[in-house]
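J.: Given the sequences, and given the hints that come with them, work out the whole structure.
Protein chains in written order, with this note's numbering: chain P, 8 to 812; chain G, 271 to 491.
Hints were generated in silico from the structure; no laboratory data involved.
There's no promise every hint is true.
[Said to hold, decoys possible] Each computed BS3-like pair below joins lysine-lysine, with the alpha-carbon atoms no more than 27 Å apart: (1) G:K273 / P:K425; (2) G:K429 / P:K14; (3) P:K22 / G:K404; (4) G:K382 / P:K420; (5) P:K10 / G:K429; (6) G:K384 / P:K14; (7) P:K22 / G:K405; (8) G:K345 / P:K420; (9) P:K425 / G:K381; (10) P:K420 / G:K346; (11) P:K420 / G:K343; (12) P:K14 / G:K382; (13) G:K389 / P:K425; (14) P:K10 / G:K389; (15) P:K14 / G:K405; (16) P:K10 / G:K405; (17) G:K382 / P:K10; (18) P:K10 / G:K381; (19) G:K381 / P:K420; (20) G:K343 / P:K425; (21) P:K420 / G:K282; (22) G:K404 / P:K10; (23) G:K345 / P:K425; (24) G:K384 / P:K10; (25) G:K404 / P:K14; (26) G:K381 / P:K14; (27) P:K24 / G:K405; (28) G:K346 / P:K425.
[Unchecked claim] What follows is a set of in silico ranges between Cβ atoms, one per label pair, in the way DEER data are often shown: (29) P:K732 / G:R287: 40 to 48 Å; (30) P:K326 / G:S310: 31 to 39 Å; (31) G:V402 / P:S729: 55 to 63 Å; (32) G:V402 / P:T25: 31 to 39 Å.
Even glycine gets a Cβ: it sits at the ideal position worked out from N, Cα and C.
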Amino acid sequence: MIKNYFKIAWRSLWKEKTFTFLNVFGLSVAFGAAILLSIYSLFELSFNKFHENADNIFQVYHTEYTPKGPEAGIANPVPFASALKEEVPGVEKITRFSSGGVLVSIGENQVHLQSAFVDPEFFAIFTFPVLKGDENPVSGKSEVALTEKVAKTLFGNETALGNSLNIFIDGQEVPFTVTSIIKDLPVESNIEFDIALNFTSQNEHAYGRNVGRWDNSNHEVYMQLVEGISPTQFENSTRDFSNLHYANDISNAKRDGAQPGKEGQYIQQRLLSVKNLNFAEIGNGEITVNRTYPYLILGIAFLILFIASVNFINMNIAKSSQRLREIGMRKTLGAGRAQLFFQFWGESILVFIGAISLGLLLAKLLMEPFQTLFNTRASFENVISFWSIFSFISAVALITFIAGGYPALLLSKLGTLKALKGKINLNGGNRLRNTLIVIQFSIAILLISGTLVLWNQLQFMRNKDLGFNKEQVISFPLNGKKDDFRTMQLLRNELQNKPEIINISASNNILGIGKDHSTTSSIIGFEHQGRVVKTNILMVDYEYPETVDLELINGRSFDASRPSDTLSVIINEAMARELNEKEILSSNIAIDDSLQYTIIGVVKDYNFQSIDKEIEPLTIFLKPKWNLRYGYVKVASQNLNNSFNEVKLAWNKIEPNAEFLGSFLDENINRTLEKERNMTTMITSGSVIAIILSCVGLFAISLLVVSQRRKEIGIRKIVGASVGKITVMLTSDFLKLVGIAFVIATPIAWYFSDEWLKNYPYRMELNIWIFLFAGILAIGFAIFTISFRTIKAAMQNPVKSLRAE
Amino acid sequence: MLKLNHIYKWVKSGGRRIFLLNDLSLNVEQGEFLSIMGPSGSGKSTLLNVIAMLDDFDEGEYYFEDEAIHNLKSKKRTDIFNQNIGFIFQAYHLLDDLTVYENIETPLLYKKVKSSERKALVADILDRFNIVGKKDLFPHQLSGGQQQLVGIARALIIKPKLILADEPTGNLNSKQSDEIMQLFKELNQEGVTIIQASHSESNAAYGSRIINLLDGSVQKS
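T.: Next up, the structure:
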């Protein structure tokens, strides 16, 4: 019996080659795309779940209630961790964590490694297993732990364990011993490093000078909660701790008129589960967990599958009229309803099995381009687990059951005589078909609008005037062995007299994200006229405002001929508003208790942080001998590539062992938009697939409708209808549906776009043209698809079509 | 064998009943070869469909071998139909996608007959109808007469007690149709009860009894 079913199924699929092809093609593409998208989304959702204690591991952060409202912060002072463990019950283990980069040298070779300075308990909290060596890594000050991969690149086939290496700390090469090799970190980890060191081994600036000080926060803290204590319980029991250690900040906040939180606290410690780390967003003083993005991707995968399944259902129902006779026949031969159901369902299952196999193959083949395109490390291996396979199979089974089962049920339910006479109540079927087509095109239009909005916003941010010159300025990290000041001197010597070099300067922060992928922000608070003022601070070399083209709107820039300028600052407009002085240029600010800085200039606000943030107050100090980690060179606007090579050449001469990681600022800005770019590519590909699949469905339906109306077309032609009129008649039915879809989809698209754009302080204006364009695009595609068949049908000789009846 | 008592069947059109079967009573004995004649629209097909239990009637009683069909649920009716009745159509209604062999085999598959038994039964009937050589052909490769032969073979494979034939020769030329009628006659002599609907006097004459239908009622018997 089963064999017979399959034989029949195979033959009837073969007979309808066009439809079978369209079905299998559509479903395979949909399954392939859905598999890739789901892998991406599952990968994102699986982040940090590999830690054995994941349920009990938390990042400690705090909400500080300031006069400007609540602010969340993850940075903590050096004594914080040990004090928290001692004074508040519930801490099983706790570690400080400071990430960054270190310059490592072995013999003549230098490499830049991503580093993590941690307390020894770090390795007991997180699951980063030790493969070789000391089971408790970095317990001593001069011990380091390397990941397997890095150990191999550093020492080759030699055993890394027990070997020594030098790390530049405070301008000196400090020797360390490799005491542990740890397993390479899983890619689904937010905590990343190549080399782990003891927290106390950090440079003076980060650690030494901060020992015992509660007023300087510069690292993150992670802890494992004692089993049985809830995070809320723990948060509540930290209040006395916060009130004790931050008494000074709290009294300042009270004085400046801050409103405490609903617990009555001015500073509240909070816990963020490590499982939520990948989805953390700071909003209104608390870290909220936002999994929208992976679920959005999963949603798109679902929509694509939905569209393909709708095609399948529509084609099968539409085609059923051709099989009515067979159904009736089989019934008179003794087929039961169940037997017929299984026969038709079996055919669907055959199509689905084929499509899923092809889809899997497609996903496998496209994995690599997919990874590059979306800049992800998601792969089959990363997400394969009992549950993911189980849910995949159940999802497939469910889709097969519904999409294949519904038409089968409809067909098997038909009365014998009705089926034999070939009469079927197609009106009900048409209504369902039309509804499904409308939903399909609504989805397609929704995704197209989404694409257009994302794309426009991306362009908007890319082209926005950020307040500095991003086209002509090259920035590069000063990642060499030499002292930064010395490096800058040598660079100036090397590059002076070159006509294409306009200005050279340095600062201790980057604009955008450079090739070293690191960003920092330093904020300082100080007393000004009886209240606390907070400002971002930036240390710069001479000519910095000129190099990056900041616009001075008041006062002057730093001047090398005035030695007193080292005690002068330039501020931005936001800072000027914050200080609220009548004569801003003659005012002083007392950032350090002993030192007064004079404001000599005000620059126009520029986006020194990422574009999705409002411009905050900024104070620029002239500190040429500071640890200025980034060099900036402004070059002439012609022949940018040449100038870039010039700078690179000079760098390689000065620091032959350190790689030159320079890039133009507009590249840096592009790097900050990676999230938006990824999202745009994702939704663009989703909408391309959605519109293709919808059109495949529409094409198939138009094929069927045309063949059903062949006789009508013939008669109309005989009584004098023109080709154009018939085409319009056949096409307009479908266009109506796309039109309805447009009306439904546009408000939804508008609402979601608007919500999304609210995340950006600098955003494009939504206008109806974007949505109209999306609608016109969809209608255009629809017309193109349908007219293939309708024009051909309309042009046919009526005698022919009538004879066939 | 079967007995119809005062059967009425109607459709409503604009509030009025249009009778398809009007107070129709009929007795068919085991072993009869009954021909039903009458003009188009007289209710021949409807009557056959009612007898085959493919169609409902609105009033009256129907006994099939002492089973009161009018009181049965549709599933039970279908069972009785599947066990006892073979149906032959004017338009053959063979399954286009199946070969001759498979077409004949299909009713056995639905009855869940074992594979070896199935083979034997199909081989027998192919032999008997002299179509062994055509068993791997598809319906469209056969002539009309041959297709109807396959249709009859398929109806006979379940060894039905009753064969219903709705204009079995309507699409055939006279030579083919004579052959089919001859076959019916032979089957009847072997004990199969046959009811056929027909336009043609000559075909009806093969029957052991003829009834004439007009506007849903029996004219004379």
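J.: Evaluate each hint against the coordinates.
T.: Cross-check of the supplied hints:
1. Between K273 (chain G) and K425 (chain P) the alpha-carbon distance is near 26 Å, which keeps this suggested pair within the 27 Å criterion.
2. Restraint check for K429 (chain G) and K14 (chain P): the C-alpha separation of about 26 Å stays at or below 27 Å, so the hint holds.
3. Restraint check for K22 (chain P) and K404 (chain G): the C-alpha separation of about 21 Å stays at or below 27 Å, so the hint holds.
4. Note on K382 (chain G) and K420 (chain P): the hinted pairing holds, with a Cα-Cα distance of about 21 Å set against a maximum of 27 Å.
5. About 25 Å separates the Cα atoms of K10 (chain P) and K429 (chain G), which keeps this hinted pair within 27 Å; it holds.
6. Distance hint between K384 (chain G) and K14 (chain P) is fulfilled; the C-alpha atoms sit about 18 Å from each other, no more than 27 Å.
7. For the given pair, K22 (chain P) sits about 20 Å from K405 (chain G) by alpha-carbon distance, which is consistent with the 27 Å threshold.
8. Restraint check for K345 (chain G) and K420 (chain P): the C-alpha separation of about 13 Å stays at or below 27 Å, so the hint holds.
9. Note on K425 (chain P) and K381 (chain G): the hinted pairing holds, with a Cα-Cα distance of about 23 Å set against a maximum of 27 Å.
10. With a CA separation close to 17 Å, the supplied pair K420 (chain P) and K346 (chain G) stays within the 27 Å bound.
11. At roughly 16 Å between alpha-carbon atoms, K420 (chain P) and K343 (chain G) fall within 27 Å of each other, so this suggested pair holds.
12. Proposed proximity of K14 (chain P) and K382 (chain G) is supported: the alpha carbons are some 17 Å apart, at most 27 Å.
13. With a C-alpha separation of about 32 Å, the suggested pair K389 (chain G) and K425 (chain P) falls outside the 27 Å cut-off, and the hint is violated.
14. Restraint check for K10 (chain P) and K389 (chain G): satisfied, since their Cα atoms lie roughly 15 Å apart, inside the 27 Å limit.
15. Only pairs whose Cα atoms come within 27 Å are accepted, and K14 (chain P) paired with K405 (chain G) is accepted, the gap being roughly 16 Å.
16. Among the hinted pairs, K10 (chain P) with K405 (chain G) is consistent with the structure: their alpha-carbon atoms are about 19 Å apart, no more than 27 Å.
17. About 13 Å separates the Cα atoms of K382 (chain G) and K10 (chain P), which keeps this hinted pair within 27 Å; it holds.
18. Distance check on the hinted pair: K10 (chain P) and K381 (chain G) sit about 15 Å apart at the alpha-carbon level, within 27 Å; holds.
19. Of the supplied pair hints, the one linking K381 (chain G) and K420 (chain P) holds, its CA atoms being roughly 20 Å apart against a limit of 27 Å.
20. This hinted pair checks out: K343 (chain G) and K425 (chain P) have alpha carbons roughly 19 Å apart, not beyond 27 Å.
21. Distance hint between K420 (chain P) and K282 (chain G) is fulfilled; the C-alpha atoms sit about 24 Å from each other, no more than 27 Å.
22. Using a Cα cut-off of 27 Å, the hinted pair K404 (chain G) and K10 (chain P) holds, with the two alpha carbons roughly 22 Å apart.
23. Distance check on the hinted pair: K345 (chain G) and K425 (chain P) sit about 17 Å apart at the alpha-carbon level, within 27 Å; holds.
24. Distance check on the hinted pair: K384 (chain G) and K10 (chain P) sit about 14 Å apart at the alpha-carbon level, within 27 Å; holds.
25. A distance of roughly 19 Å separates the Cα atoms of K404 (chain G) and K14 (chain P); the hinted pair therefore holds under the 27 Å criterion.
26. Restraint check for K381 (chain G) and K14 (chain P): satisfied, since their Cα atoms lie roughly 18 Å apart, inside the 27 Å limit.
27. Simply put, K24 (chain P) and K405 (chain G) have alpha-carbon atoms about 26 Å apart, close enough for the 27 Å limit, and the pair holds.
28. A C-alpha spacing of about 20 Å is found between K346 (chain G) and K425 (chain P), which places the hinted pair at or below 27 Å, so the restraint holds.
29. Judged by the Cβ atoms, the range 40 to 48 Å given for K732 (chain P) and R287 (chain G) holds: they are separated by roughly 43 Å.
30. For the pair K326 (chain P) and S310 (chain G), the beta carbons lie near 32 Å from each other, so the given range of 31 to 39 Å is met.
31. Evaluation of the 55 to 63 Å hint for V402 (chain G) and S729 (chain P) yields a pass: the beta carbon distance comes to about 57 Å.
32. Checked against the hint of 31 to 39 Å, the C-beta distance between V402 (chain G) and T25 (chain P) comes to roughly 36 Å, which is consistent with it.
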